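Visitor: Construct all of the structure, not just a fragment, from the sequences and the given hints.
Our numbering puts the sequence shown at residues 2 to 352.
Calculated directly from the structure, the hints in this document are not laboratory data. Computed from a prediction, not measured in an experiment: that's the story for all the values here.
Below, in silico cross-link-like pairs of lysine to any residue (SDA-like), each with a Cα-Cα straight-line distance of 20 Å or less:
1) K278 / Q242
2) K278 / V261
3) K138 / L237
4) K138 / D165
5) K138 / R173
6) K234 / E272
7) K234 / A268
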Amino acid sequence: MYHAARLWNFLLLACCACLALLPAGAGAAVVWAPESSVDDRLRQIVAASHNQEWVNSLLAGTSAATSRLNLITAERDRLTALLRSLGYLDAIVSVFHSDAMADGQPQDTVEFELKPGARYRLAAMELTGIPDDIRDKLPRQEIFGLMARAIGEFAESGRLDSLDSTLIQRIRNRSFAMAEVSGVNAMSDLNTRTVVRRVQLQVGPMIRLGSLVMIGKSRRTADAVAAAIGYSKGSLFQTNQLASLRHRIEDLGLFRDVSVRLGDRPAANGEIEVIVKAASRPPSWQSLFPQAWPGMLVAAMTLLALTFRQVILTLPYSFKVMRVTNIGLVFLVALTLGLVARQFALLAGMN
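Guide: Below, the structure is given as structure tokens:
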């Protein structure tokens, strides 16, 4: 108990010593220029982005003058970039730093004055780098309609980057899997407070699905899996196909940790390999019916037919009814055996 009390007293003294190192009048503030018209949303965004760590480093009284200047400059640049990312492209951040004495005590204050200016809007958006023959194959409503709806919105960098991502994803969904943004050029008009944005694209060729390749598996195994899931080699690539292929492979019940991706580059014929990475699942009775509902349905129908047959046996003998019942039972048993045989054949193809 005695040692614990001494430790507690030592910690209190250390905290007091650290506080004593701070200048008496230390402070930092973010203010808005008097002529600026600022809404509550912008005030909240700036306040939420405030980083207290640099203030502690700046006002600790131990930083060198060069380090203090670097911290102030970095914070000014950060605030400027924040305002411009919200569409205030003419934003100016001024810094007022004072080390004056007040009442005989050193007073270290830093003040950042923000002048956001007018907020710019998107006046036009253009896609360049798309050949005419490819442009005709793109869905005009999905791509150019989306661009048209963005006209007049505030030129926020986050919103515009999201728009670029949506556009490139929709182009990729139209079999141009290699499409990517190669550059963005934005030109602002000071008079109209608008921005014209030009997005340079590299579309590449239309991609068709090539062979299904399974890492660490034989060609025979890959072909058996492709046949089991109904894989169509040569079909035009669609982005959602990869997720669909992964689900179908998982539904076989033979693999776990399945991942599906495209190859690095298409072949000369425009086909690109589909690369599957999966760990083998040990064969078990669950793999006989990887999808539970067919087996459960067959079992329920068989049980129902047997019950119906027993009921018929208690009634006056009817040859036609018994014959139909027996035919139904034979059909259900054959269906069950067919499902089991199909799964065993698939298991044999995996080995």
